[in-house]
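Protein chains in written order, with our numbering: chain G, 1 to 324; chain Y, 325 to 650; chain E, 651 to 1188.
Note that these hints are calculated values from the structure, not bench results. Accuracy of the hints is not assured; some may be wrong.
Unchecked claim - Straight-line alpha carbon distances no greater than 20 Å define the calculated DMTMM-like cross-link-like pairs of lysine to aspartate or glutamate that follow:
1) K127(G) / D386(Y)
2) K435(Y) / E53(G)
3) K222(G) / E456(Y)
4) K222(G) / D344(Y)
5) K131(G) / D386(Y)
6) K222(G) / E445(Y)
7) K435(Y) / E309(G)
8) K127(G) / D344(Y)
9) K1037(E) / D972(E)
10) K75(G) / D839(E)
11) K1067(E) / D301(G)
12) K1114(E) / E309(G)
13) K1017(E) / D1033(E)
14) K435(Y) / D33(G)
15) K780(E) / E53(G)
16) K780(E) / E46(G)
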Amino acid sequence: MINYIIKRLLTLIPVVIAVAIVIFTIMYFVPGDPAKNILGQDATEEQLQRERELLGLADPYFVQLGKFLYQLFIKLNPGTSWLSGFPVMTELRVRIPRTLLLSFLTMALGVAVGIPLGVTAAVNQNKLPDKLCMIGSMTFISIPDFWLALEAVILFGLRLHWLPTFGMSSWKCWILPVVCGSLPGIASNARQTRSAMLEVIRSDYVATAKAKGLAPGAIKYKHALPNALIPLITMMGGHLARCLGGSMILENIFSMPGMGMYLTTGITQRDYPVVRSVVVILAIVFGVVMVLVDIVYAFVDPRIKAIYENQTFNLAFWRKRKDA
Amino acid sequence: MKDNQFLSVEDLVVEYTSNDQVIHAVNRVSFRLDKGQTLGLVGETGAGKTTIAKSIIGILPDPPAKVRGGRILLEGEDLLQLDDRHMQKIRGKKISMVFQDPMTALNPNMKVGHQIQEVVELHENVSRKEAEEHAKRMLEMVGIPRDRFYEYPHQFSGGMKQRVIIAMALACKPDLLLADEPTTALDVTIQAQVLELIKNLKVEQQTSMILITHDLGVVAGLCDYVGVVYAGEIIEYGTLEDIFDHPTHPYTIGLFGALPSMGKRVKRLSPIHGLPPDPSKLPEGCSFSPRCPRATEACKKAPVEMRNLGGTHECRCILADKPGDR
Amino acid sequence: MKLTRRDFLKVSLGGAVSLSASMLLAGCGSGGSEKQTGHTKIKVGVSGDPKSLAPYALGNDARKMICFHIYQAAMHLLKAGDTPIPAICESYEMDMDGATVTVKLRDGIHDHDGNPFTASDLAYSYNTTKEVANSASYDYFTEVKAIDEKTAVIYYNPTDIVKRNNVESALAQGGVYMFTQAAWEASEDAMVATPVGTGPYRVSSFSVGAKVILEKVEDFWQAEAGYEVPRDYQANFDEIEISVITEVSQIAIALETGDIDASANVSEQDITLFQEGGEHADDFKVVKNEGFLGYFMTFNAHTELGGNINIRKAICHAVDLDGMINTLAKGEAVRMNAPYGTASSAGDYDPKWDEREYFPFSMDTAKEYLDKYLAESGKKAEDVVVKFAVQNNANCPKPAEILQAKLLELGIGVDMKVYDPATFNTILTEEDSYDFTMYCMGWNGVVNAWQLNDSSNYYYHFDKESAMYQELLSYTEPCMSRVTWTQEATEKLWQYVYDNAWVRGLYKNYDNIVVPKWVNEVVINFNRNCMYGSFVHD
């Protein structure tokens, strides 16, 4: 199992490098002149040329690519934002934890509330709890989250004065963004769990469990749910993508500066160092999470664990053969 | 006689409701079983045998299925009147069930030993270690090395899985074992082994058993009594000799006639013509009448009552002769 | 009932008058701020993220606003285009031949940490900024040397020193911020989050991307040393708390909940809540400030349609300025005839230009010019399709759409494409991609504004070999250098450009500043930033 994890983590390295090359190339070819953005509209052509040289944009493609890769991966220096002069690393050090915290809290709430809801709906299929759950999830998947967030701000912040409306000054500030952001996640988790549970509930081993005299609670959570979780775990990867991307909207509305806005302003302003670094970091985060998801699979389904173990490069075995 | 009865099913009626259609799965089934005896329920697929068994242990899927009438008396207590919490105590302890497909009957996510241990911990008042030990002993009893306690179902073959299931079912020494086609999904050699196992365990633990099967050969090897089920009714009931030596109901006769025989050489098997009736639209009279080669007008008019043919042998056919009248 | 140009004139002149009046008032008797009782703190909401507070950083309005509070440059401007007044330096002298500018410092200057500031610090500020900023903006000088404690020499580029307004701009308007060598070397992050300047406020806390708190400098050197403190350097609050609120509708909500007191970034939809008759008119008032960005159009000389004077005039006359202002700005905006606003803008503006009628809106006149073109070229109206490139910035597409509708009425086709700002810049470099453009910018003077010089021909793509271009250059050249510049030369250039319809100014929106009722006067500096610290209040 350890071998498998190590192997997976090692394969991340070429993936991240490939992402770096791709994003570099994309930004290279995207129309828009960073020099003009920096110097303003009334810069002269000479000034623009000079600026491009200073930014390193005058070199040929491969030279620029080489310098970029060297700076990022060997010197571990993402550079400075061209538009603000602020070192990217400093910004990221502050912003990444915010985005990750927001995304993970949102996902966690989505799981903690969505799964029990889905189980309840499945177990009471076609009765009232199920119908309520389905209507609710349809609603929350369809409602745009920014609209919901603003309405929540007006209701809870402005009219009722229960919660702060923006910022990060206290833990209370996190309640509205996390709840609003998790609603679509709760909805889709509930639906997914419900349909997986419905399948599982009809399976023979659930009937066996019932025939053994287990109480309904134990059957649901010990026998049915663990088997229903596998499709849900698959979805988690996509969920994380949605959370990381969608957190930009919440970050913007609640003024919690994270990676989302940083990336999008970087793109519109053609701030290459920012865009490249953030995309590479997102790739790393994503890659690690996917590895974690695969590992969780192994713990949830022993058949998958067996597959992993058979496929790994058995270091001990190889060493033995070498010495022999 | 009722007080000596171990199990008595009286006028059991079970309906399935789906899409506003009512499916009459079990229509006034009655039978009795003594302690230590084995009853074989034979019939085609869809006859209602599994439904009867599931009604006894109380695991009918409630939204579509509903028990509409009758009593199921186990040692005098009507199981249909008990609430689910009481039934949970009975399931696995007094009544156990073994299902048809061993490939899917075990939780793929739990070690097999733990699945046996679970039922022990649930019903017996023992410590965890003792329960584990008990489970390991059960494994040995069914012929599986105790080390394999820690393995997962996917690491076992079909036959071994079925043994595990049997171990699980018998772990708490139930009084009644319901076995729903326990060997149908296994190949013939393994079948024999598993049947042998069941037989031995049954004798050892004095367990009563209801064996559901469509295989008359299996019935011959294990059962004391036989009930032939057709369209949700028992249409013939008796001891093994009654049924095998003196089949009376045209359907039963047809079943035996459809069997390939080792002795004779026939060009074609002789199946029963036609198909079983649509359980949502059962015929008015005898449910077999549309296919019966001996059906009369009277057969089609009204439902037929069970007729005693002497001793334990009963038959639901107005043309059933009294013994000696063949 | 349409508002006439008269009303606009009144508004803009009135604005000019009141601003000048307040500046005159500022001139007298404020060597030391009056003790302000009552409110000691003001909470401000901004929609942009100031990011870095380092003296050399580039940035948005929020950053500039904060930097104007905490830093000073060599000289100071009260109004754009004015003669600079003293700040760090008492005076400056230009040597055109030697291409140097010599500055004389004042006495008693020290920074927020108490370090004394001398000419060597001034030189250090310039040289370090040039080195660290990595930007062509600081190419105009090569280096700065301190001669003695109170004098320093800036070695200019010979080509830059003659450009009109360049020296003033470098010293004050777009100037280098002053800091001491001691503070710079002591700073761990090159003053990105821990700036130390010489201004009336200092940063007491900075949460990246979220909040900046400024506190009054008790021993502000300029007041201590007895110098006059200009109106926009008054420190009338003990503390200014600046919150970054990225979502514009949240700013209105924050004003309502009391999380902030004032903001210049309230959205157009929400502003009515705070104006007369609005829900919150009791607690707030709205002050209008002429905006920085104006809309206008330029034409591409290289293409067949853009290069044809009749087409250009036809398009210019199809601009329904009143319609645009009424529909899009609720009747309140500053008309721009020259491509930069009114008296509150750059220096070579002549108020009498506002008196003239430029390209009056008339579909008939537009049709006349179009017909002239059709007659010359032998084409039909349906065959004419003009390519219209629009920058997607500050709602620029909205007036563009109105213009497009009018042009369609003339019977010609309009291929309008809207580009995001960065792509727009690239499109402008492609000489065949557009016939005319509409975009939105702030301006500094006629020649720079119109890029009508050799090194910046990007909007117009004039053929540099043509006689027409040589003629244009003959008007532009005199205006470029301070040595040859005269107001008449500007007038001639402007007339030439107008006669040939190369540029058509549209209008500038007002910026609305929402302040609480207890603020009596709003102070705006030359760069159109709110100097919150200097607001006069109860």
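For each hint, the structure was consulted:
Distance hint between K127(G) and D386(Y) is fulfilled; the C-alpha atoms sit about 12 Å from each other, no more than 20 Å. For a cut-off of 20 Å, the pair hint linking K435(Y) to E53(G) is broken: about 66 Å separates their Cα positions. Between K222(G) and E456(Y), the direct Cα distance comes to roughly 18 Å. Compliance with the 20 Å bound is thereby established for this hinted pair. Distance hint between K222(G) and D344(Y) is unfulfilled; the C-alpha atoms sit about 34 Å from each other, more than 20 Å.
Among the hinted pairs, K131(G) with D386(Y) is consistent with the structure: their alpha-carbon atoms are about 18 Å apart, no more than 20 Å. Between the alpha carbons of K222(G) and E445(Y) the distance comes to roughly 15 Å, so the proposed pair stays at or under 20 Å and holds. Between K435(Y) and E309(G) the alpha-carbon distance is near 18 Å, which keeps this suggested pair within the 20 Å criterion. Annotation: proposed proximity of K127(G) to D344(Y) holds, straight-line Cα distance about 16 Å (limit 20 Å).
At roughly 24 Å between alpha-carbon atoms, K1037(E) and D972(E) are farther apart than 20 Å, so this suggested pair is violated. The hinted pair formed by K75(G) and D839(E) meets the criterion: a straight-line CA distance of about 19 Å does not exceed 20 Å. A hinted pair counts as satisfied when its Cα atoms are at most 20 Å apart, and K1067(E) with D301(G) does not qualify at roughly 55 Å. A threshold of 20 Å between alpha carbons decides the hint, and for K1114(E) with E309(G) the separation of about 73 Å lies outside it, so the pair is violated.
Proposed proximity of K1017(E) and D1033(E) is supported: the alpha carbons are some 15 Å apart, at most 20 Å. Between K435(Y) and D33(G) the CA atoms are separated by roughly 62 Å; this puts the pair beyond 20 Å, and the hint is violated. Straight-line distance between C-alpha atoms of K780(E) and E53(G) comes to about 15 Å, which keeps the hinted pair within the 20 Å bound. Distance check on the hinted pair: K780(E) and E46(G) sit about 17 Å apart at the alpha-carbon level, within 20 Å; holds.
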